[in-house]
Amino acid sequence: MYKFPENLYSDVRIEDRFSTLISLSDGEISQCRELREKKAFIRVYDGKMWYYASTDDADRVQDMLEELAQYACRNPEIYDSPVVKKLQVNEDRIIRFDKNSVRDVPLGEKTGFLLNTASGVRSEYLKAVQATYADRYSFYEFYSSKGANIIYDFQTCGIGVKVFFAKDKENTENYYTLNLTDFDELKEKTDTSDLVKESEDVLLHAKKLEKAGSYPVILSPVVTGVFAHESFGHKSEADFMLGDETLAKEWQIGKKVGSEKLSIVDSGLIDGAGYVPYDDEGSRATRTYLIKNGILKGRLHSAETAAYLGEELTGNARATDCGFEPIVRMTSTFVEKGSDKKEDLFAGIKHGYYIKNYKHGSGMSTFTIAPMVAYEIEDGKITCPVKIAVITGNVFETLSLIDGVSDCEEISSSPTGGCGKMEQFPLNVAMGGPYIRVSAMNVQ
Amino acid sequence: MEKQIYRTKSTDRTLSYTANKVASLRIKDSVKTTVRVYGDGYIGVAGKSGEADLSKLEQSAVAALGNKAAYPAPEDKGNKLIIDTGKEIIKKSELVKKGEELIKKISEDNQDFIFSGKTVVKDVEDDYTCGNTSYVCKSSYQLTYFILKHKMSASIMDEAYGVSGTEFDDKKIASDVNKLADAYLNLLPSPEEDEVTVISESSVAAHLFKSFLAQAYCGGASLLSGKLGKKAFSENFSWYCEQDPRKASGAVFFDGEGVVNENFRSYFVKNGVMCNLFTTRQTAEKYGVENAGTATAPFAAMPEEGTEGFVAEPTAENVADILKGEKAVYLSTVSGGDMTSSGDLALPVQTSYLYKDGKLTGRFPQFTVAANILDILGKDYLGASNNGIWSTGENNYIVFRAKIVNKS
Numbered sequence: 002m003y004k005f006p007e008n009l010y011s012d013v014r015i016e017d018r019f020s021t022l023i024s025l026s027d028g029e030i031s032q033c034r035e036l037r038e039k040k041a042f043i044r045v046y047d048g049k050m051w052y053y054a055s056t057d058d059a060d061r062v063q064d065m066l067e068e069l070a071q072y073a074c075r076n077p078e079i080y081d082s083p084v085v086k087k088l089q090v091n092e093d094r095i096i097r098f099d100k101n102s103v104r105d106v107p108l109g110e111k112t113g114f115l116l117n118t119a120s121g122v123r124s125e126y127l128k129a130v131q132a133t134y135a136d137r138y139s140f141y142e143f144y145s146s147k148g149a150n151i152i153y154d155f156q157t158c159g160i161g162v163k164v165f166f167a168k169d170k171e172n173t174e175n176y177y178t179l180n181l182t183d184f185d186e187l188k189e190k191t192d193t194s195d196l197v198k199e200s201e202d203v204l205l206h207a208k209k210l211e212k213a214g215s216y217p218v219i220l221s222p223v224v225t226g227v228f229a230h231e232s233f234g235h236k237s238e239a240d241f242m243l244g245d246e247t248l249a250k251e252w253q254i255g256k257k258v259g260s261e262k263l264s265i266v267d268s269g270l271i272d273g274a275g276y277v278p279y280d281d282e283g284s285r286a287t288r289t290y291l292i293k294n295g296i297l298k299g300r301l302h303s304a305e306t307a308a309y310l311g312e313e314l315t316g317n318a319r320a321t322d323c324g325f326e327p328i329v330r331m332t333s334t335f336v337e338k339g340s341d342k343k344e345d346l347f348a349g350i351k352h353g354y355y356i357k358n359y360k361h362g363s364g365m366s367t368f369t370i371a372p373m374v375a376y377e378i379e380d381g382k383i384t385c386p387v388k389i390a391v392i393t394g395n396v397f398e399t400l401s402l403i404d405g406v407s408d409c410e411e412i413s414s415s416p417t418g419g420c421g422k423m424e425q426f427p428l429n430v431a432m433g434g435p436y437i438r439v440s441a442m443n444v445q
Numbered sequence: 034m035e036k037q038i039y040r041t042k043s044t045d046r047t048l049s050y051t052a053n054k055v056a057s058l059r060i061k062d063s064v065k066t067t068v069r070v071y072g073d074g075y076i077g078v079a080g081k082s083g084e085a086d087l088s089k090l091e092q093s094a095v096a097a098l099g100n101k102a103a104y105p106a107p108e109d110k111g112n113k114l115i116i117d118t119g120k121e122i123i124k125k126s127e128l129v130k131k132g133e134e135l136i137k138k139i140s141e142d143n144q145d146f147i148f149s150g151k152t153v154v155k156d157v158e159d160d161y162t163c164g165n166t167s168y169v170c171k172s173s174y175q176l177t178y179f180i181l182k183h184k185m186s187a188s189i190m191d192e193a194y195g196v197s198g199t200e201f202d203d204k205k206i207a208s209d210v211n212k213l214a215d216a217y218l219n220l221l222p223s224p225e226e227d228e229v230t231v232i233s234e235s236s237v238a239a240h241l242f243k244s245f246l247a248q249a250y251c252g253g254a255s256l257l258s259g260k261l262g263k264k265a266f267s268e269n270f271s272w273y274c275e276q277d278p279r280k281a282s283g284a285v286f287f288d289g290e291g292v293v294n295e296n297f298r299s300y301f302v303k304n305g306v307m308c309n310l311f312t313t314r315q316t317a318e319k320y321g322v323e324n325a326g327t328a329t330a331p332f333a334a335m336p337e338e339g340t341e342g343f344v345a346e347p348t349a350e351n352v353a354d355i356l357k358g359e360k361a362v363y364l365s366t367v368s369g370g371d372m373t374s375s376g377d378l379a380l381p382v383q384t385s386y387l388y389k390d391g392k393l394t395g396r397f398p399q400f401t402v403a404a405n406i407l408d409i410l411g412k413d414y415l416g417a418s419n420n421g422i423w424s425t426g427e428n429n430y431i432v433f434r435a436k437i438v439n440k441s
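Residue numbers (this note's numbering), protein chains in the order written: chain A, 2 to 445; chain B, 34 to 441.
One should not assume that every hint holds.
Stated by the list, open to error - Computed footprint of chain A on chain B, listed as stretches where at least three residues anywhere in the stretch have a Cβ under 8 angstroms from a Cβ of chain A:
hint	stretch
1	60-68
2	94-104
3	185-197
4	241-253
Claimed, not checked - With a cut-off of at most 30 angstroms between alpha-carbon atoms, the simulated BS3-like pairs for lysine-lysine come out as follows:
hint	chain 1	residue 1	chain 2	residue 2
5	B	Lys-131	A	Lys-49
6	A	Lys-209	B	Lys-440
7	B	Lys-436	A	Lys-170
8	B	Lys-131	A	Lys-422
9	A	Lys-250	B	Lys-212
10	B	Lys-110	B	Lys-280
11	A	Lys-360	A	Lys-198
12	B	Lys-280	B	Lys-155
13	B	Lys-89	A	Lys-40
14	A	Lys-209	B	Lys-412
15	A	Lys-49	B	Lys-204
16	B	Lys-89	A	Lys-100
17	B	Lys-101	A	Lys-190
None of these hints come from the bench; they were simulated from the model. For glycine and all other residues, C-beta sits at the position ideal for the given N, C-alpha and C.
Model the full assembly from the supplied sequences, consistent with the hints where possible.
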């Protein structure tokens, strides 16, 4: 294997990635790509600084190790470094997708599936339809100078159908997506029948928001997921706490941060886009409670942040691909289901809004979600679609205002999107949860 | 059979700053080659990361013609042009030292804050060949950004500063960071008025991108449908894609399909008139509109409509010239934001500053800007400028009137 430089910590991550991307625009192929790329990322640490190299020539890994070692300062005590001590030494081989790999599905079959799905979307108001199929099979290797030797594979395949509807001066857009790990299951479960009905309803009946303000809001599972990810998940990434005593005090484990009904979990063990059995510095995946019954219970770590805060590794040091270094990222992040019946959540609202689907979300101290499809709720019943630009709120106030959590949950992901942090986008993650009710949110 | 080769070769050196220190150096050298072939009305594409065997790639691309992706063949105009703006922005051997000096300076000058961020120094060469046509564009640029975290704040970040361009002027960067940090510390009450003059990055106009897509526009599903060739915005508003690498760092003077626009610029709005749509050669032909020449060349893939490099044409040398002594609110950090299909835009503003007498003088509490995008760029549009806030880097601001709601 590799000859790791002495008196330095070093590791090598290799990804052999097969991917397919097919897009249709109004039934015609607008994108068609099958690609195989093998890249490597090399890290060298001298106890003070990390030195990284990315190469698309896996034969150059040994050369890059030696080049990076020249930048670093040799440190005979490097293995006593708290960061290096934290790094796990796992040896494992987990191959799950070689029998049903998307590499083995002919491109024509994927294109045919997409054409069939897109052609099934019909309406007198349909002006444009963009459909995308995307898949990925990755074969990962990880080796370290401490002796780690890990091999595992990863797979996703999914479909997205975006429609544009218009009548006179009114227009609307809507989106269907399904992302799984098996092509045959994807074909079987793809169902866009509600997309047309819902889009026509929004086009023909959506009214303008009467008055921007604070209202009770119900989030669907997919919106709950983006809310959990954006509002709290990013704040649980412990790299933000490096060198910051105030944050370490403010974010003490055991602090009350939300409603008692709220529990948020991150786990790399769940099948799908957030499946990460070992992170990109070789740490084993865990199931980590971020919030349990409203109490801050944990956070997400790399070896560096776990060493700094004196906490356990969680398996969340991740990179978008072998072009980047691992940083603290989420995997599958979701709100745990509660005990309320979905119907009861709606029944408790005299006037409010139901956010069914979203275009995008973001969050720092304030979170923002841009709804794709939203409805007005009157006297406990969904009445008509409504045009809402954004829903926003202060994160901690909103977490405390969750007063209903349904007893069913869904976890989903995007076939082409993902999570962005700093320069790294898109990282494959999943998110979800139950229906949740928030007693007050800003609706614009 | 026509053949296009698009190759991008890049060298990145990236410094990462964590908690007031240089934490890492990353070296990334990459070559990506895409070959497209055209035959019988179809396109076949293949690509390779790393050094590529062109004959093998061409064979793969020819095989991909079997995917039956319809695409018009390219034009070989036989033109040749090389524009080389590449230069050594920072000596590679001095990058870590320069970064250490900069982070030390700003953290010592602003001891209320913790700084993290990156400096990326990049050299890029884009090559395009098609028959006798060949273009080469070489450029170098740097991007530096800092996340500012107040030491007493419970937020994970409080403010952000970014600068990009062909110079790395550490003194000016430090001076600008100091100006931002000083203004941040001076917390003001919310503006009394419900309608204010706003200075924003021109990227706000990007909320209109979907409305300019040929497919959405021609299908009648665009907010702007029916307005092509007509006045849809303020006469002062012109909006274009800058493709001249001498004017915009990182710009490439040809598009992903080898189209070179007059003066390396493609207008989408000129003096308020909507004059073009986002297209590729394929969508331009399909919808019977002019090709904008701003397509991108995604690696190993078919060309796509480009939405990068857009600027609002300056109407004044400095935003202060637009304001004529009037005070304004500078939007620094906006959390997401979006608009309805009617164009009603909501921008949740995380940090904003009072801009008075050419300076940022204090920070406002959070609020939301609420306005219709057609009004922002129409009756409420006051102008655009590249200067007025920061002393270094490439910037492009627009100034408009808008309502603010959700005031603290």
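Tell me the hint numbers this structure goes against, listed in increasing order. none
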